[in-house]
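Trainee: The sequence shown begins at 1 in my numbering and counts up by one.
Bear in mind the hints are in silico, worked out from the structure with no lab data behind them.
Please note that a few of the clues may not be correct.
The calculated lysine to any residue pairs, modelled on SDA-like cross-linking and capped at a C-alpha distance of 20 Å, are [as the list claims (entries may be wrong)]:
1) Lys119 to Ile105
2) Lys91 to Lys122
3) Lys67 to Val124
4) Lys91 to Ile116
5) Lys119 to Asp88
6) Lys91 to Lys41
7) Lys67 to Lys91
8) Lys67 to Ile116
9) Lys91 to Gly120
10) Lys122 to Phe93
11) Lys41 to Leu144
12) Lys41 to Arg4
13) Lys145 to Val124
14) Lys67 to Phe49
15) Lys67 to Thr150
16) Lys67 to Pro94
17) Lys119 to Thr150
18) Lys41 to Thr150
19) Lys122 to Thr150
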Amino acid sequence: MGARLIILNGPNLNLLGEREPHIYGTTTLAAVEASCQAFAKVLGASLVFQQSNHEGVIVDQIHTARKSADALIINPAGYSFHSIPIVDALKLFPGPILEVHISNIHARDGLHQNSIISKGVKGVICGLGTYGYIVAMQAAAQMLKAIPDTLPEPVRVGPV
């Protein structure tokens, strides 16, 4: 098997599709997971997909990922703006970390603009809707040099 990816989702994302659809859309977290699992197969990667409304659980998931994943993708949701424990846990993860936001946090109200989590990650993807998860997975696989040769060169390599 190729790359080992983990996607962690923060609070209230279990209600994706119901909660503020004018901001987050109507796609459910189960649909996001199904799409990500299908894309993991295309990448030849394994994927663990998790969600928690509890900060300590997310910290524990990051700690566990240190031994079980090559790259970590996190949508910290509301914890983006105040969770020092999550930032500190991310600093311990040895592989690439990508932060995903469904909405464009930079275009939102003052409470939802400045993610402190961004300081502990390799890249941030925001404003692409739920498709941002797929973009993050592709980026993580590229960073790990784990994109299959069967995919076209522009996907495998990008601009050179």
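Trainee: Run every hint past the structure and note whether it holds.
Mentor: Structure-based check of each hint:
| no. | hint | result |
| --- | --- | --- |
| 1 | Lys119 to Ile105 | holds, 15 Å |
| 2 | Lys91 to Lys122 | holds, 11 Å |
| 3 | Lys67 to Val124 | violated, 23 Å |
| 4 | Lys91 to Ile116 | holds, 12 Å |
| 5 | Lys119 to Asp88 | holds, 10 Å |
| 6 | Lys91 to Lys41 | violated, 28 Å |
| 7 | Lys67 to Lys91 | holds, 14 Å |
| 8 | Lys67 to Ile116 | violated, 24 Å |
| 9 | Lys91 to Gly120 | holds, 6 Å |
| 10 | Lys122 to Phe93 | holds, 11 Å |
| 11 | Lys41 to Leu144 | holds, 16 Å |
| 12 | Lys41 to Arg4 | holds, 11 Å |
| 13 | Lys145 to Val124 | holds, 19 Å |
| 14 | Lys67 to Phe49 | holds, 16 Å |
| 15 | Lys67 to Thr150 | violated, 28 Å |
| 16 | Lys67 to Pro94 | holds, 9 Å |
| 17 | Lys119 to Thr150 | violated, 34 Å |
| 18 | Lys41 to Thr150 | holds, 12 Å |
| 19 | Lys122 to Thr150 | violated, 26 Å |
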